[in-house]
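Since the structure of chain A is already known, use the hints to place chain B on it.
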Amino acid sequence: MSNMPAKQILMGINGDEAVAYAAKHALVDVCAAYPITPQTIIVEKFAEFVANGEVETEFVRVESEHSALSACLGASAAGARTFTASAANGIELMHEVIFLTSSIRQPVVMAVADRSPSGPINIHGDQTVSLAQRDTGWIMMYCENSQEAYDSTLQAFRIGEHPDVQLPVMTMLDGFVLTHTLENVYLLDETDAHKFVGRREPMMITIDGKQVPLKLDPKTPITIGPLQLFDYYMESKLQHSEAMEKARPVISQINNEWAELTGRKYGDGYLQPFKVNDADAVIVTSGSSAGTARFVTRQLRAQGKKVGLLKLRTFRPFPDKKLAKLLADVPVVGIFERTHTTGSLGGPLFNEIRSALYDHDPRPIILGYYGGLGGRDVTPEHFKSIYKELLKIKDTGKAPRYPIKYITVRK
Amino acid sequence: MTQETPQWRPRLKDIANQEELFTSGQRLCAGCPAGSMARMAMHALPRPKNTIVSQATGCLEVASTIYPYTAWRVPWMHSLFENAPANASGIEAAYKARKRQGLEDDIPDLLVFSGDGSGFDIGVQAASGAIERRHNFLYIIYDNHAYQNTGIQRSGATPKYAWTTTSEVGKKEPGKLLWKKPIALVYAAHDPAYCATASVYHWRDFMKKVRKGMEVEGPAVIHVLSPCHRNWRYPEEQGMQMAKLAVETCFHPLWEYEGETRKYILSAPSRVFALKPEKKKPVEEWLELQGRFRHLFRPKRRDDLIADFQRLTDEDWAFIQKLSNMG
Numbered sequence: 002m003s004n005m006p007a008k009q010i011l012m013g014i015n016g017d018e019a020v021a022y023a024a025k026h027a028l029v030d031v032c033a034a035y036p037i038t039p040q041t042i043i044v045e046k047f048a049e050f051v052a053n054g055e056v057e058t059e060f061v062r063v064e065s066e067h068s069a070l071s072a073c074l075g076a077s078a079a080g081a082r083t084f085t086a087s088a089a090n091g092i093e094l095m096h097e098v099i100f101l102t103s104s105i106r107q108p109v110v111m112a113v114a115d116r117s118p119s120g121p122i123n124i125h126g127d128q129t130v131s132l133a134q135r136d137t138g139w140i141m142m143y144c145e146n147s148q149e150a151y152d153s154t155l156q157a158f159r160i161g162e163h164p165d166v167q168l169p170v171m172t173m174l175d176g177f178v179l180t181h182t183l184e185n186v187y188l189l190d191e192t193d194a195h196k197f198v199g200r201r202e203p204m205m206i207t208i209d210g211k212q213v214p215l216k217l218d219p220k221t222p223i224t225i226g227p228l229q230l231f232d233y234y235m236e237s238k239l240q241h242s243e244a245m246e247k248a249r250p251v252i253s254q255i256n257n258e259w260a261e262l263t264g265r266k267y268g269d270g271y272l273q274p275f276k277v278n279d280a281d282a283v284i285v286t287s288g289s290s291a292g293t294a295r296f297v298t299r300q301l302r303a304q305g306k307k308v309g310l311l312k313l314r315t316f317r318p319f320p321d322k323k324l325a326k327l328l329a330d331v332p333v334v335g336i337f338e339r340t341h342t343t344g345s346l347g348g349p350l351f352n353e354i355r356s357a358l359y360d361h362d363p364r365p366i367i368l369g370y371y372g373g374l375g376g377r378d379v380t381p382e383h384f385k386s387i388y389k390e391l392l393k394i395k396d397t398g399k400a401p402r403y404p405i406k407y408i409t410v411r412k
Numbered sequence: 002m003t004q005e006t007p008q009w010r011p012r013l014k015d016i017a018n019q020e021e022l023f024t025s026g027q028r029l030c031a032g033c034p035a036g037s038m039a040r041m042a043m044h045a046l047p048r049p050k051n052t053i054v055s056q057a058t059g060c061l062e063v064a065s066t067i068y069p070y071t072a073w074r075v076p077w078m079h080s081l082f083e084n085a086p087a088n089a090s091g092i093e094a095a096y097k098a099r100k101r102q103g104l105e106d107d108i109p110d111l112l113v114f115s116g117d118g119s120g121f122d123i124g125v126q127a128a129s130g131a132i133e134r135r136h137n138f139l140y141i142i143y144d145n146h147a148y149q150n151t152g153i154q155r156s157g158a159t160p161k162y163a164w165t166t167t168s169e170v171g172k173k174e175p176g177k178l179l180w181k182k183p184i185a186l187v188y189a190a191h192d193p194a195y196c197a198t199a200s201v202y203h204w205r206d207f208m209k210k211v212r213k214g215m216e217v218e219g220p221a222v223i224h225v226l227s228p229c230h231r232n233w234r235y236p237e238e239q240g241m242q243m244a245k246l247a248v249e250t251c252f253h254p255l256w257e258y259e260g261e262t263r264k265y266i267l268s269a270p271s272r273v274f275a276l277k278p279e280k281k282k283p284v285e286e287w288l289e290l291q292g293r294f295r296h297l298f299r300p301k302r303r304d305d306l307i308a309d310f311q312r313l314t315d316e317d318w319a320f321i322q323k324l325s326n327m328g
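Chains A and B are the protein sequences, given in the same order. First residue of the first sequence: 2, per our numbering; consecutive thereafter. First residue of the second sequence: 2, per our numbering; consecutive thereafter.
It is worth saying that the hints were derived from the structure and are not from the lab. Take these hints with a grain of salt, some might be off.
[To be verified] Derived DSSO-like pairs: lysine-lysine, alpha-carbon spacing no greater than 30 Å straight-line:
| # | chain 1 | residue 1 | chain 2 | residue 2 |
| --- | --- | --- | --- | --- |
| 1 | B | Lys50 | A | Lys216 |
| 2 | B | Lys100 | A | Lys211 |
| 3 | B | Lys97 | A | Lys216 |
| 4 | B | Lys100 | A | Lys220 |
| 5 | A | Lys46 | B | Lys14 |
| 6 | A | Lys216 | B | Lys100 |
| 7 | B | Lys97 | A | Lys196 |
| 8 | B | Lys50 | A | Lys220 |
| 9 | B | Lys50 | A | Lys211 |
| 10 | A | Lys220 | B | Lys97 |
| 11 | A | Lys211 | B | Lys14 |
| 12 | A | Lys196 | B | Lys100 |
| 13 | A | Lys220 | B | Lys14 |
These numbers were taken from a predicted model, which means no experiment stands behind them.
For reference, chain A alone in the conformation it holds in the complex:
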């Protein structure tokens, strides 16, 4: 942090508080939230800002997560910059509204404290619930630490509200590891933050040859959320898909702007490779596990082992081409995901990454690892054992018959 272009304040806060500060700095007009079990501290901290008059936000204390996102949706359609936060079961309850929010193109920003889905009730962390939202049409970004949670949340408003994009954004932070753990976090000075995020400008659309804002405004009445049957539905889906494609350069551009402003850069905005170039074995992971894996990678490199780490930051839009470019020549790749899928060959990360590499010849041997479920600790030892296995496969050239395994689980 030696070259810090903008003045920044160092604070000892946890990931939840970092996100709350980001929402404060983003001049959020409306925040609606509900404390389902498990609850996040994000909105508690934000409620403090409201109570102290530090924000102009209208804070709607709704009666469920379903209503939290519904209220954000209404507020966003009325032109407001909106924010909500939830976790695990709250996200599951919202699911219906999550689809709708992206389909009617409202750039709501939502922080997701990644905690395990109930059954059994657990409250600790893994990424199963957020990854289950992968087909909802939101931009999805995973944060490695609390600093990134602050940075990505502020960036999320710029990305989602970009006129080419107009899509909601989820920023994920791992339950407890980030949400409840104190870290040193650099926050921007409020004026600089305001300058970076700006004000939300409504998207302009053409109706009957006239340019009107896509906004519930009595001056220019429009209908939002009509019934679309087989004659138009697919075209709407295509437009949604095109918006997601248009988000690709925007994510990189905002990542660069942020780097100029703060000195902090997250790879190309999508992927952060560490010692991947000449590696014999690479681990791909997302969220806080990337920090632990990087620590191990550095240790093994010091011992002369050619290992590398690829951190996946942006999951939607999925950086398939960028990823293939980085990984196609790596002999063995291990994908570690804190998620759980049954009755399928591996979890979402495994499947998407393997699919991205399918067209390449030669392509790596790819293994998938489930771990850290329900908040079970993910330690350096675990990554050491994964690397050991990957390097052995590289040496012998023999891939296991079944590429998926659980680590740290009792039989």
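Using the frame of chain A, we list chain B on its own:
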């Protein structure tokens, strides 16, 4: 809403000269009173050019906004079945926050429509929360006694013994086995700024109530009965007649709850039956006109079931009379 406030009186002459904010060309079934209901409500708005509508999924929604067409000349939003009041909460919050920051000049009026599916069942939580938070909106629940939009499934509003596709009439079961929820009382118990029941037939009463609900500061709810010939099985031109008889039999009494005084007041069309009980019609007169109750009369007349329906109707009627000090 004190007695001194001069009451707005809807006049047909004025209405005829007003712009239609809910237009023709929508695709509701022929004779569906929901369209009349929406038109009346829009004509009763105190600030028609400064009102936003939030709409729950239902007949009125699917029939009025089939892309790329819309029947609404006001800003209108539909999102889901159960969340229209939550949507409205957000719309109000947006304008409040942005007005405070000098980004908007005014906070528009808010009108929320839902059917009985949302109003009685799946959306009760969102409505209850929005009323508790005292958002300034009017929530109109138009009740046609079942999930007509999805193919006539029973709802919490379906009366006992009514046929629906999920309360079939068979050898063992004579239609729905349970009575309907007293939903307006449920919302009135939230102590909103205003709550009322209404009927599409009593247009002046309904429009006055809409006006009150929009003008009062804070949450307001109107439960309006709107018959459906597809389920109720009456000739399609008789919708208004069905709504009228529901009031005349005291199956659907019309009343108001005023938040300011915390009083229940019987509305004129129903008050007459409290003052002159002999004018009240037996509920049988209403039931026998509807195909959904045909099994109470044919092939064998079921006096036991008709009497039970009358008893339930009378109990509700006695209760609301008592609440309004007319019993």
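Taking the hints in turn, this is what the structure says about them:
1. Among the hinted pairs, lysine 50 of chain B with lysine 216 of chain A is consistent with the structure: their alpha-carbon atoms are about 15 Å apart, no more than 30 Å.
2. For the hint linking lysine 100 of chain B to lysine 211 of chain A, the alpha-carbon distance of about 26 Å falls within 30 Å, and the restraint holds.
3. Only pairs whose Cα atoms come within 30 Å are accepted, and lysine 97 of chain B paired with lysine 216 of chain A is accepted, the gap being roughly 15 Å.
4. Annotation: proposed proximity of lysine 100 of chain B to lysine 220 of chain A holds, straight-line Cα distance about 15 Å (limit 30 Å).
5. Between lysine 46 of chain A and lysine 14 of chain B the CA atoms are separated by roughly 56 Å; this puts the pair beyond 30 Å, and the hint is violated.
6. Distance restraint check for lysine 216 of chain A and lysine 100 of chain B: the Cα-Cα separation of roughly 15 Å lies within the 30 Å cut-off, and the hinted pair is therefore satisfied.
7. Taking the CA atoms of lysine 97 of chain B and lysine 196 of chain A, the gap is near 23 Å; set against the 30 Å cutoff, the hint holds.
8. A distance of roughly 8 Å separates the Cα atoms of lysine 50 of chain B and lysine 220 of chain A; the hinted pair therefore holds under the 30 Å criterion.
9. In summary, the hint linking lysine 50 of chain B to lysine 211 of chain A is supported, as the alpha carbons are separated by about 19 Å, within the 30 Å threshold.
10. Annotation: proposed proximity of lysine 220 of chain A to lysine 97 of chain B holds, straight-line Cα distance about 17 Å (limit 30 Å).
11. Proposed proximity of lysine 211 of chain A and lysine 14 of chain B is contradicted: the alpha carbons are some 34 Å apart, above 30 Å.
12. Taken as a hint, the lysine 196 of chain A and lysine 100 of chain B pair is honoured in the structure, with Cα atoms around 21 Å apart against an allowance of 30 Å.
13. Taken as a hint, the lysine 220 of chain A and lysine 14 of chain B pair is honoured in the structure, with Cα atoms around 27 Å apart against an allowance of 30 Å.
Hint compliance for this structure: hints 5 and 11 are broken, all remaining hints hold.
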